[in-house]
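Q: One letter stands for each residue in the lines below.
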Amino acid sequence: MLKTLMGGAALALAAALPLHAQVDIRKETQRWQQMIAEGSPAELFEIEGEALWKKKQGPKNVSLEGCDLGQGPGVVKAAYAQLPKYFADADRVMDLETRLLHCMTTLQSRSPQDATQRLYGNADRPSEMELLSVYIAGQSRGVPMAPGTRHVKEREAFELGQKLFFHRAGAWDFSCSSCHGEADKRIRMQYLPVMSQPEGVRKIVATWPSYLVRNAQVKTMQWRIWDCYRQMRWPEPVFGSEATVAITQYLTVTGQGEPYAGPGTKR
Amino acid sequence: MTKNFLLLAGTAVLVAGCAAPLPVGERPKIAASDLDQLVAVSKRDFKARGIAGMDRLELDAAMRACNLHNDNPPREVSQPLEEQILKSIPFPQGSLLGDWKRGQRLAQSGQGMTWSDKPNIANGGSCYNCHQLSPQEESFGTLGTSLRNFGKIRGTSEAIQRYTYGKIYNSKAYNLCSQMPRMGHSKTLNEQQIKDLTAYLLDPNSPVNK
Amino acid sequence: MRATLGAGFTDVRVLMSHAMETGQRKDASGKVIPLHFIQNVTAKLNGKTVIEGEVSQAVSRNPVFSFRLKGGQKGDKLELSWLDNTGVTNKTDGTIA
Amino acid sequence: MQMNRRKALATAAAFGALLVAGLLRPVAAFAAWNKGAFGAKSAGDALKGLGVANAEPSAAIVIEAPQIAENGAVVPIEVMSNIPGTTALAVLIEKNPFPLAGRFEFMEGALPFVKLNVKMGETSDVRVIATAGGKHFVATKEVKVTIGGCGG
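Protein chains in written order, with this note's numbering: chain A, 26 to 292; chain B, 49 to 258; chain C, 194 to 290; chain D, -10 to 141.
Keep in mind the hints are simulated off the structure, nothing from the lab.
A portion of the hints provided could be inaccurate.
For lysine to any residue, the following SDA-like pairs were computed, each having C-alpha atoms within a straight-line distance of at most 25 angstroms [said to hold, decoys possible]:
hint, chain 1, residue 1, chain 2, residue 2
1, C, Lys224, B, Phe198
2, D, Lys30, D, Glu94
3, A, Lys52, C, Ser259
4, B, Lys77, A, Ser266
5, C, Lys224, A, Gly146
6, D, Lys84, C, Lys270
7, D, Lys84, D, Trp22
8, A, Lys210, B, Asn223
9, D, Lys24, C, Ala290
10, A, Lys85, A, Val48
11, A, Lys85, A, Pro98
12, B, Lys95, A, Asp252
13, C, Lys219, A, Arg239
14, B, Lys95, A, Glu261
15, A, Lys80, A, Pro98
16, A, Lys228, B, Pro76
17, A, Lys52, D, Lys24
18, B, Lys95, A, Lys85
19, B, Lys258, B, Ala207
20, C, Lys224, A, Arg239
21, A, Lys210, B, Gly73
22, A, Lys228, B, Asn223
23, A, Lys210, B, Glu74
24, C, Lys219, B, Cys225
25, C, Lys219, B, Trp163
26, B, Lys235, B, Glu74
27, C, Lys219, A, Arg143
28, D, Lys24, C, Asp277
29, B, Lys258, A, Lys228
30, B, Lys235, A, Glu261
31, A, Lys52, D, Val51
32, B, Lys91, A, Lys52
33, C, Lys270, D, Met69
34, A, Lys210, B, Asp103
35, C, Lys224, C, Ser259
36, B, Lys95, A, Leu144
Computed from a prediction, not measured in an experiment: that's the story for all the values here.
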């Protein structure tokens, strides 16, 4: 259906007058982006996520309410805005999704297979990870993004993420920077933010997770990175791996200070 | 090499007191050891899926040089590599101009080569993702240069046909660190498809040149 | 539902969880997903119908509607209900904040 | 259905609004859905189905919509009528397979205003019909639906 929609769009445009002469593409697409954000159904998913956070699950039949997201067990307020960060109990830097997996396998004693069997959901049934993420992220609205930057491992994660951002590989020799490295560039008609610069990435890190109108799904930052690498024609990144967390750490540190304004609504 | 790096990462300690600001907004310098680390990390943290195998993480001489020099290697590094790559392009005999109409469909299609694509689907050229071509297609990217009137400006001489075919087959022959995917080298497109795209760019009847 | 007092009117925004299937989409197994969409939306203010809407399958999935009510006071009761083409109906009540 | 009800109710709760249990209500509580108008495959037939003829162009109908939508799955459209006595607004997407997207009647207590998200299969005119004092008025605005991102 989506494919059909897009095919139709190309034909319709072909018949129209020159678009560039008529309208400011950047201004109008930003207006669309703003309007879809105003009429966002993301809150529906936050409510479901809250229910899952409180749902007793796993062999121990406990909820995630005792999960320490970095601000103490059970504290969800402002927790997302302070991730990624170093967690001593796991001795590694974790983003929200990685930390949730950790709590599922420790606090809830669920097997890693069980916790990771359905990381990405669909429009009819979002995944547990997606719903939990939008709920927890929503609890940081208005809080400036402030990932950990003091611990050696937090600094190493930033540096690794920064290097990975520019690292070209895959069938098409792409790095993140291939598309997100230069200002005022587009893929098709979509403008691309420069993610290596604070002004380009601040609004981005402050709006994930997001509801995507193109497939009516809520998606997390781990998914965003995963799907970028898919389109970069790389192999598949492992969910919650050091590389993916490092990229999130790099982007979040670069965009730090922006008050969290998500869960967002995007194309 | 991989083991070594992993061990090192495991011995980190907490920073005491105030730490130097992180190099936000900068492009890091990549030493050979960094490159080894990045390859090791990618091989550890990525996995093969569908048609996207782990071989895609291996760096050949060209990509090694580009990654080491932030896509701007000195001439003495890039020139011999470019010459070598140009020699490796299997130019077909005869005319390199295929069917521009088929080429147009290829230019429009962005499908293929991802881990979610089936092995035997018809890959596209993804041209419009980054380039302006025909004036009738308004939804074009700007990461690459505009190719509007490409053939009208250059003509259709044998030399131009060879350059166009070669650039699509392996862009690195002409600019080592070009951001354009090596469409033939990566087996994204076959000989006929590249000929069709060459025609789309050069044929006087193609909308690109109208 | 969220109802807030604006400049001389009350802004009512309501979210609905619904697939709004067009009957043209196929599921993973290639089977056509049947037409399934909200047809009627009704808003009541203090028990009195103020808006009656009929909509088609063209409304986006997980519909979001905004309406404006004249005047309106803090504490006024609002009721939003919908009915879909399969006869399923739903109701949300709220008060103007 | 259970799921839907729970979500809607929970939404109300989230905003601190009073909530009442959802009940299965008789269909008769809703106005009849205009099958003829909504089933029409052209804007002209849809208007016939609505009983609209000779709508007069009016600048007092305000259509707020982006000129470009990066995806046709969600196109936000805000419609307002400044024509005194407006009692109904209808929204038609000319090029959709079934052009009529919605029709809203406004009784005493409501302003002739609605904002909704619609699906658009392709670039199209959005046509809005306002009804006031038994007369019909019309305004249109074009929305271009484009290909965004990596071509799908």
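Q: Mind checking the alpha carbons of lysine 95(B) and aspartate 252(A) for me, to see if they're no more than 25 angstroms apart?
A: holds (14 angstroms)
Q: With a cut-off of 25 angstroms on the C-alpha distance, tell me whether lysine 228(A) and asparagine 223(B) pass.
A: violated (34 angstroms)
Q: Please work out if lysine 84(D) and tryptophan 22(D) have their alpha carbons no farther apart than 25 angstroms.
A: Roughly 22 angstroms separates the two Cα atoms, so the pair holds.
Q: Quickly compare the C-alpha distance for lysine 80(A) and proline 98(A) to 25 angstroms and report which way the hint goes.
A: Cα-Cα ~16 angstroms, so holds.
Q: Does arginine 239(A) lie within 25 angstroms of lysine 219(C) when you go C-alpha to C-alpha?
A: It holds: about 16 angstroms lies between the C-alpha atoms, which stays within 25 angstroms.
Q: Lysine 210(A) and asparagine 223(B) were given as a pair; does the straight-line alpha-carbon distance stay at or below 25 angstroms?
A: With Cα atoms ~20 angstroms apart, lysine 210(A) and asparagine 223(B) stay inside 25 angstroms; holds.
Q: Run the distance test for lysine 85(A) versus proline 98(A): straight-line Cα separation, threshold 25 angstroms.
A: holds (17 angstroms)
Q: Need the status of pair lysine 219(C), arginine 143(A): alpha-carbon distance at most 25 angstroms?
A: holds (21 angstroms)
Q: Is it true that the CA of lysine 95(B) sits at most 25 angstroms from the CA of glutamate 261(A)?
A: The hint holds at about 5 angstroms.
Q: Hinted pair, alpha-carbon criterion (25 angstroms max): lysine 228(A), proline 76(B). Please report holds or violated.
A: Distance of about 23 angstroms is within 25 angstroms: holds.
Q: Is the straight-line distance between the alpha-carbon of lysine 219(C) and that of cysteine 225(B) 25 angstroms or less?
A: Since the Cα atoms of lysine 219(C) and cysteine 225(B) sit roughly 42 angstroms apart, the hinted pair is violated (cutoff 25 angstroms).
Q: Check whether the Cα positions of lysine 224(C) and glycine 146(A) lie no farther apart than 25 angstroms.
A: holds (19 angstroms)
Consistency note: the structure conflicts with the earlier hints numbered 1, 6, 9, 10, 17, 18, 22, 24, 26, 29, 32, 34, 35.
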